[in-house]
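Take the sequences, apply the hints, and build the full model.
From first to last, the protein sequence lines stand for chains A and B. For the first sequence, the positions run 242 to 553 when our numbering is used. For the second sequence, the positions run 242 to 553 when our numbering is used.
None of these hints come from the bench; they were simulated from the model. Among the hints, a few may not be true.
Note that identical chains are pooled: a pair holds if it fits in a single copy or bridges any two copies.
[To be verified] PhoX-like, lysine-lysine: derived pairs with alpha carbons at most 25 Å apart:
#1 Lys446 x Lys422
#2 Lys446 x Lys539
#3 Lys325 x Lys422
#4 Lys422 x Lys261
#5 Lys325 x Lys261
#6 Lys446 x Lys318
Number of protein chains: 2
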Amino acid sequence: MSLTVVGSVAFDSVETPFDKRERMLGGAATHFALAASFFDEVHVVGVVGDDFTAEHEGVLTAHGIHIDDIEHVAGGKTFFWAGKYHDNMNSRDTLDTQLNVFETFAPKLSPSSQTSETVFLANIQPSLQLDVLDQCTNAKFVALDSMDLWINIAKDDLLKVLARVDCVILNDEEIEMLTGKPTSVSAAQALLDLGPSVVVAKQGKYGAGVITREGSFWLPAYPLHEVNDPTGAGDTFAGGFVGYLAAHPERPVTFEALRRAMAYGSAIASYNVEEFGTDRVSRLTGPEVVARVQELEKITRFDGATQVDLRR
Amino acid sequence: MSLTVVGSVAFDSVETPFDKRERMLGGAATHFALAASFFDEVHVVGVVGDDFTAEHEGVLTAHGIHIDDIEHVAGGKTFFWAGKYHDNMNSRDTLDTQLNVFETFAPKLSPSSQTSETVFLANIQPSLQLDVLDQCTNAKFVALDSMDLWINIAKDDLLKVLARVDCVILNDEEIEMLTGKPTSVSAAQALLDLGPSVVVAKQGKYGAGVITREGSFWLPAYPLHEVNDPTGAGDTFAGGFVGYLAAHPERPVTFEALRRAMAYGSAIASYNVEEFGTDRVSRLTGPEVVARVQELEKITRFDGATQVDLRR
Numbered sequence: 242m243s244l245t246v247v248g249s250v251a252f253d254s255v256e257t258p259f260d261k262r263e264r265m266l267g268g269a270a271t272h273f274a275l276a277a278s279f280f281d282e283v284h285v286v287g288v289v290g291d292d293f294t295a296e297h298e299g300v301l302t303a304h305g306i307h308i309d310d311i312e313h314v315a316g317g318k319t320f321f322w323a324g325k326y327h328d329n330m331n332s333r334d335t336l337d338t339q340l341n342v343f344e345t346f347a348p349k350l351s352p353s354s355q356t357s358e359t360v361f362l363a364n365i366q367p368s369l370q371l372d373v374l375d376q377c378t379n380a381k382f383v384a385l386d387s388m389d390l391w392i393n394i395a396k397d398d399l400l401k402v403l404a405r406v407d408c409v410i411l412n413d414e415e416i417e418m419l420t421g422k423p424t425s426v427s428a429a430q431a432l433l434d435l436g437p438s439v440v441v442a443k444q445g446k447y448g449a450g451v452i453t454r455e456g457s458f459w460l461p462a463y464p465l466h467e468v469n470d471p472t473g474a475g476d477t478f479a480g481g482f483v484g485y486l487a488a489h490p491e492r493p494v495t496f497e498a499l500r501r502a503m504a505y506g507s508a509i510a511s512y513n514v515e516e517f518g519t520d521r522v523s524r525l526t527g528p529e530v531v532a533r534v535q536e537l538e539k540i541t542r543f544d545g546a547t548q549v550d551l552r553r
Numbered sequence: 242m243s244l245t246v247v248g249s250v251a252f253d254s255v256e257t258p259f260d261k262r263e264r265m266l267g268g269a270a271t272h273f274a275l276a277a278s279f280f281d282e283v284h285v286v287g288v289v290g291d292d293f294t295a296e297h298e299g300v301l302t303a304h305g306i307h308i309d310d311i312e313h314v315a316g317g318k319t320f321f322w323a324g325k326y327h328d329n330m331n332s333r334d335t336l337d338t339q340l341n342v343f344e345t346f347a348p349k350l351s352p353s354s355q356t357s358e359t360v361f362l363a364n365i366q367p368s369l370q371l372d373v374l375d376q377c378t379n380a381k382f383v384a385l386d387s388m389d390l391w392i393n394i395a396k397d398d399l400l401k402v403l404a405r406v407d408c409v410i411l412n413d414e415e416i417e418m419l420t421g422k423p424t425s426v427s428a429a430q431a432l433l434d435l436g437p438s439v440v441v442a443k444q445g446k447y448g449a450g451v452i453t454r455e456g457s458f459w460l461p462a463y464p465l466h467e468v469n470d471p472t473g474a475g476d477t478f479a480g481g482f483v484g485y486l487a488a489h490p491e492r493p494v495t496f497e498a499l500r501r502a503m504a505y506g507s508a509i510a511s512y513n514v515e516e517f518g519t520d521r522v523s524r525l526t527g528p529e530v531v532a533r534v535q536e537l538e539k540i541t542r543f544d545g546a547t548q549v550d551l552r553r
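Below, the structure is given as structure tokens:
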């Protein structure tokens with residue numbers, strides 16, 4: 242089995258109320274791949290420039306992540322993003338975006354990336370997501386991310402992609418915006434009518450829910466004493482979530498697998514935000530992930546069965 | 242056993258993107274009492290004007306709620322609030338606030354209200370909360386709500402109340418503002434150092450967490466297809482939460498009781514927002530509450546124990 246992710250590899254400069262870092266390795270595909278590498282062989286399809294060095298490659302290859310399909314554009318510069326987080330760390334301003342080589346990114350999947358049965362289309366132009374889908378002849382489970390920009394300027398293409406994927410992973414505000422429905426539940430149900438069988442509504446620092454035609458499951462975020470860099474949390478969550486499903490190939494996916502995938506995605510994402518960039522997840526170990534999943538279960542479980550004497 | 246709540250009885254005019262209602266019975270003490278009446282005898286201490294009629298009294302007395310300590314000010318008008326919800330229903334603008342008789346509210350507890358072992362200080366001026374505490378000679382468990390206004394203009398008094406209560410129930414943003422800490426966990430821990438042994442961080446439409454020195458428990462909000470009026474959701478939650486604890490008088494409160502109190506508070510609050518004002522909770526039945534608690538358990542439970550084969 243293997244898992245292919247198509248998306249951005251980038252450098253991020255991040256400022257928070259407490260600290261700042263310059264030009265860290267980042268990008269959706271990077272964060273996704275590091276999280277997914279706990280579960281499966283991961284192929285990254287992306288594009289970088291001359292400033293992407295052997296040291297950066299090493300962050301990925303150290304975890305067995307395949308980088309053959311990361312195209313190097315000679316003379317080009319890698320996608321760069323700079324942002325500043327507000328006091329509550331749940332919202333941010335973009336200070337700078339330099340698409341650079343990412344502007345003309347045309348994903349080309351090598352035969353080995355094409356063999357993957359699981360594919361994650363990170364947040365890129367919907368027309369490119371469609372191109373990738375045409376190349377993924379072996380895909381059995383495809384998940385998609387997107388953003389408000391594409392909902393606004395490329396909704397038709399986005400709807401075409403939606404009709405061809407199994408799973409949508411978006412922020413709750415994005416699914417509400419995309420469907421024009423006022424709640425996550427009504428928006429998710431509208432999305433299920435458009436093609437996907439699984440909808441994940443991410444809720445930022447609060448957690449996430451997964452909704453299928455069978456029901457829903459909701460998981461609070463792991464409570465942290467300190468958050469140092471939320472960048473990439475959503476992609477890290479997606480990496481754990483989709484990675485778990487890639488490694489548990491019963492299809493259609495079972496609701497039980499979805500619940501556990503949510504817990505693993507959430508656990509790894511909670512580590513991601515503890516430190517800047519990829520620092521924490523790069524050195525994260527399996528036992529640490531398992532420990533946090535168990536902790537998540539402990540702090541969310543209650544006994545709803547015991548009879549309570551009500552006066553009404 | 243009995244439970245006393247001190248706070249606002251009001252009329253609310255509410256506008257949402259979908260509908261509007263004029264001068265509905267509302268106020269923190271009203272919503273709290275209706276929810277708490279599932280668990281215990283409730284005494285409401287408040288103040289109203291001539292516009293508060295037998296019909297309004299009936300909404301409370303129909304559920305055995307004691308209203309002897311709701312003072313009627315002859316020639317006065319009841320506290321009035323008007324607000325308009327934004328598209329996502331999680332934020333709102335206040336259109337009008339007329340304190341009326343509430344402006345000179347001086348809570349006076351009759352002997353029967355004073356016998357309560359459980360007390361909820363709804364969101365009123367901290368100096369009044371202190372007055373009430375002096376009158377509650379029999380209190381074994383006191384919980385408190387407040388708001389950003391008091392944190393800004395009466396923080397010293399608020400800290401004095403905090404030092405004397407067992408439980409604080411605030412929005413996550415409020416506990417962060419009150420303590421100057423950036424996360425719910427760090428803010429709650431700072432609050433635990435100020436006196437209370439239980440901190441509840443409400444997260445609006447996302448759910449809530451309870452934090453003690455023993456640990457924490459986090460519960461997502463019950464997912465609704467439709468939300469029609471979020472007004473009073475926090476007070477309804479508090480009513481279910483504190484009401485449950487009042488009816489389970491083991492002191493100090495056990496963590497097990499806190500988890501279940503969270504579930505009952507959350508379940509009743511989810512009904513509250515389904516319809517305008519007190520409409521839904523007024524006719525809510527015990528079996529409906531129990532069913533939603535069980536549903537909440539079902540949609541939040543996962544198996545974190547099963548061994549997963551990780552590659553790292």
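*Should Lys325 paired with Lys261 be assigned to within, between, both, or neither, using CA atoms and 25 Å as the limit?*
within (9 Å within a copy, 39 Å between copies)
*asked:* Treating 25 Å as the Cα threshold, decide for Lys422 and Lys261: within, between, both or neither.
replied: Only across copies: Lys422 and Lys261 sit 19 Å apart there, 37 Å inside one copy, limit 25 Å.
*Intra/inter-copy verdict for Lys446 and Lys318 if alpha-carbon distance must be at most 25 Å*: Intra 32 Å, inter 42 Å, cutoff 25 Å: neither.
*asked:* With identical chains, the pair Lys325 and Lys422 could be close in the same copy or across copies; at 25 Å between alpha carbons, which is it: within, between, both, or neither?
replied: Answer is between: at 19 Å across copies they meet the 25 Å cutoff, but 30 Å inside does not.
_Within, between, both or neither: how does the pair Lys446, Lys422 come out at a Cα-Cα threshold of 25 Å?_
This pair counts as both: shortest intra-copy Cα distance 22 Å, inter-copy 15 Å.
_Reference check for the pair Lys446 and Lys539, CA-CA at most 25 Å: within, between, both, or neither?_
both (19 Å within a copy, 22 Å between copies)
In the structure shown, a violation is registered for the earlier hint numbered 6 alone.
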